[in-house]
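Go by the hints and put chain P with the ligand onto chain W.
Each chain, written out:
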Amino acid sequence: MAYLDHAATTPMLSEALEAYVATAREVGNASSLHAAGRHARQRVEESRERIGAALGARPSEVIFTSGGTESDNLAVKGTFWARRAKDGARNRVVASGVEHHAVMDAVDWLVAHEGATAGWLDADETGLITPATLAAELDAHADRVAVVTVMWANNEVGTLQPVAELAALAAAHGIPFHTDAVQAVGQVPVDFAASGASALTVTGHKVGGPVGVGALLLGRDVAVTPLLHGGGQERDVRSGTLDAAGIVAFAVAVETAVKNQQEYAARVGGLRDRLVDGVLAVVPDAILNGSAAHRLPGNAHFSFPGCQGDALLLLLDAQGIDCSTGSACSAGVAQPSHVLVAMGADDDRARSSLRFTLGHTSTAADVDALITALPAAVERARRAGVIKSVLG
Amino acid sequence: MRVLAAMSGGVDSAVAAARAVEAGHDVTGVHLALSRNPQTFRTGARGCCTIEDSRDAQRAADVLGIPYYVWDMAERFHADVVDDFVAEYAAGRTPNPCLRCNEKIKFAAVLDRAIALGFDAVVTGHHARLGADGLLRRSVDLPKDQSYVLAVLNRAQLDHSVFPLGDSTKAEVRAEAARRGLGVAEKPDSHDICFIADGDTRGFLESRLGSAPGDIVDSSTGEVVGAHGGAYAYTVGQRKGLGLTVPAADGRPRYVLSITPKTNTVTVGPAAALEVSTVHAGKPVWTGLPADFAGELDCVVQLRAHGETYPARVTVADGELVASLSTPARGVAAGQALVVYRPEADGDVVLGSGTITHT
Ligand SMILES: Cc1ncc(COP(=O)(O)O)c(C=O)c1O
Numbered sequence: 001m002a003y004l005d006h007a008a009t010t011p012m013l014s015e016a017l018e019a020y021v022a023t024a025r026e027v028g029n030a031s032s033l034h035a036a037g038r039h040a041r042q043r044v045e046e047s048r049e050r051i052g053a054a055l056g057a058r059p060s061e062v063i064f065t066s067g068g069t070e071s072d073n074l075a076v077k078g079t080f081w082a083r084r085a086k087d088g089a090r091n092r093v094v095a096s097g098v099e100h101h102a103v104m105d106a107v108d109w110l111v112a113h114e115g116a117t118a119g120w121l122d123a124d125e126t127g128l129i130t131p132a133t134l135a136a137e138l139d140a141h142a143d144r145v146a147v148v149t150v151m152w153a154n155n156e157v158g159t160l161q162p163v164a165e166l167a168a169l170a171a172a173h174g175i176p177f178h179t180d181a182v183q184a185v186g187q188v189p190v191d192f193a194a195s196g197a198s199a200l201t202v203t204g205h206k207v208g209g210p211v212g213v214g215a216l217l218l219g220r221d222v223a224v225t226p227l228l229h230g231g232g233q234e235r236d237v238r239s240g241t242l243d244a245a246g247i248v249a250f251a252v253a254v255e256t257a258v259k260n261q262q263e264y265a266a267r268v269g270g271l272r273d274r275l276v277d278g279v280l281a282v283v284p285d286a287i288l289n290g291s292a293a294h295r296l297p298g299n300a301h302f303s304f305p306g307c308q309g310d311a312l313l314l315l316l317d318a319q320g321i322d323c324s325t326g327s328a329c330s331a332g333v334a335q336p337s338h339v340l341v342a343m344g345a346d347d348d349r350a351r352s353s354l355r356f357t358l359g360h361t362s363t364a365a366d367v368d369a370l371i372t373a374l375p376a377a378v379e380r381a382r383r384a385g386v387i388k389s390v391l392g
Numbered sequence: 001m002r003v004l005a006a007m008s009g010g011v012d013s014a015v016a017a018a019r020a021v022e023a024g025h026d027v028t029g030v031h032l033a034l035s036r037n038p039q040t041f042r043t044g045a046r047g048c049c050t051i052e053d054s055r056d057a058q059r060a061a062d063v064l065g066i067p068y069y070v071w072d073m074a075e076r077f078h079a080d081v082v083d084d085f086v087a088e089y090a091a092g093r094t095p096n097p098c099l100r101c102n103e104k105i106k107f108a109a110v111l112d113r114a115i116a117l118g119f120d121a122v123v124t125g126h127h128a129r130l131g132a133d134g135l136l137r138r139s140v141d142l143p144k145d146q147s148y149v150l151a152v153l154n155r156a157q158l159d160h161s162v163f164p165l166g167d168s169t170k171a172e173v174r175a176e177a178a179r180r181g182l183g184v185a186e187k188p189d190s191h192d193i194c195f196i197a198d199g200d201t202r203g204f205l206e207s208r209l210g211s212a213p214g215d216i217v218d219s220s221t222g223e224v225v226g227a228h229g230g231a232y233a234y235t236v237g238q239r240k241g242l243g244l245t246v247p248a249a250d251g252r253p254r255y256v257l258s259i260t261p262k263t264n265t266v267t268v269g270p271a272a273a274l275e276v277s278t279v280h281a282g283k284p285v286w287t288g289l290p291a292d293f294a295g296e297l298d299c300v301v302q303l304r305a306h307g308e309t310y311p312a313r314v315t316v317a318d319g320e321l322v323a324s325l326s327t328p329a330r331g332v333a334a335g336q337a338l339v340v341y342r343p344e345a346d347g348d349v350v351l352g353s354g355t356i357t358h359t
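Protein chains in written order, with the working numbering: chain W, 1 to 392; chain P, 1 to 359.
Next up, chain W with everything else stripped away, as it sits in the complex (with noise of 0.2 Å):
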């Protein structure tokens, strides 16, 4: 068994299950008034103090939520519906071509349903946007935009953004900067207020913590409307009974992941490195997609011509190596990725792509066993055919 989809989601770090069992063997509800719930409370507020510290946010810029989903829905919905409240003209929401379907289908949502306009930002060929692109969109139509939203690091092809540069831009419109930063922490140094963002998304099973817990860092003085409605618990952002368990390992999760980012990038980066090498080496038409330079460590992303990328998946699933297509399904069914196609990839390098990404508990064995299947496959598959459209 070789596991090679980190991005997907990563296992739990130990520290970050035991601090999750230890903490829901406990009764408390952070809410509430009595002791039991002042334990709880305690144990949120700690955590959200380690997390802001790892990220360079104050502890009341943490509002947790469930997961990177929910965050990015909150900042983009929520800063939109919050801006445009204030400003009936700004009605235009600005994104980067390669977000995530979090991000790019809050958007569409935004478009259909609101009545927003949406301006999106063309990548170039290794997935980058250039702080020209978001600059030529901002001069044409800086008064009427409501937020700006780039990511930190993209999840099929790695590629890392200048969110600093981008940021500082929006900023200087006086428009609210959103980041995805989900697949960026502890794999990349993350500081929320150097980064100049308004708002940054992060969640715990990328990071080693529990799914189903994350948390937007939101600046205080970014108004947003909430997307859930109740009890208000976090900064009447955000609603909902706090998961102090899911919350603790989130904390021990970031906290751990940052801390060891450098060794991290290093260690994992250094196998990275050895499982592109390797995989060029056996097939050398393999065509490596992203960035050469702004990368994330444990990310590589290849086309391999004449290949099926769902047929490779098949065929290295049989023996034992788990990747992905790094796009999103319909149906079940593989989509070509917005990604690669925003990249100005043609549709069978996007049929064609698969995604391998490493993680905390990578070893080179792993990379080997890759390299050991991957010929046989990629000539099955090359044998199996892109199944073409007969209508064309």
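These are computed hints drawn from the structure, not numbers from a lab. There's no promise every hint is true.
Unchecked claim - Stretches of chain W that chain P covers, calculated by requiring three or more beta carbons in the stretch to come under 8 Å of a beta carbon on chain P:
(1) 87–93
(2) 135–148
What the hints assert, rightly or not - Cβ-to-Cβ under 8 Å is the rule here; a few derived chain P residues that face chain W:
(3) A33
(4) Y69
(5) A116
Where is the CB? At the ideal position from N, CA and C, for every residue including glycine.
Same frame as chain W, but now just chain P with the ligand:
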């Protein structure tokens, strides 16, 4: 063997996959996405390839502990099955889309891909027997028998097929599904044509072919006795829904005898005129006889899915098959398969098939 189990989300294919696992094969489940715009839920026995079906198939695969993938065959299916269906009706014939799907998709596009990916065979939940002798036989459950829609398969296709359900009745299959903890045990059977979710074939054809009004003519008098909105909407042998405005001279019911696309005419006449004793079929495929079989043969033939069988003498020459029926058949439509069986005590054997061209 490494086998690929085609899993529709129904009970038959789930049990077929389970039996393949139990037989010791290395089984991978695949759901074919055939619809371009899958509906979220299925409504009763209609439609297929909804997201719910795909989830049911996935759940069954998970229960069996086998890998599961979805293969996108929507474009192929539309070209080879749906467009073919429309074109056949437009040409005045009556196609069988399930048979075409078996011939072009399940045991062609899917099988080809499976073989290329290193699988040895495709497993399906069809009710038919395929024994070690390589002969295709009817299922023990005669009302559920699907040998007719499999009779188009050639030797190579059958050699790479496994039908684990042929020895069981549908009731046994359902009971086994329940015993194995498969949630689809009680799922209703699919009926009708999977890509016409509302069951309205005429409406579907009209949406594809447009309306083409023409005459309905009486075969004996040549008189115009009604009007139609498109000859393609009629099938030989059809009696209901003709909307005839001139009553028959003898007051007896009239049936569609033929459809002539060239003149856009539907011809109707008495039941007796429907009776045919000679049926011609093209593109013969033989799996119970040498593939290049020519000559004469006493056998029984079946002329439509779930139809009666007729003892016949079949003559094969020059790629054409002519069946002389011992008793006349009614409602024989061009485009359907003529399937040749050899009656046997332990299940009729499929010898081969052809596509009916004329009578
Ligand atoms: C970039 C990015 N954003 C958001 C998400 C969604 O996060 P979650 O799974 O916590 O909802 C993911 C996870 O797939 C992601 O990779």
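Consistency of the hints with the structure:
no.	hint	result
1	87–93	violated (count 0)
2	135–148	violated (count 0)
3	A33	5 Å, holds
4	Y69	6 Å, holds
5	A116	4 Å, holds
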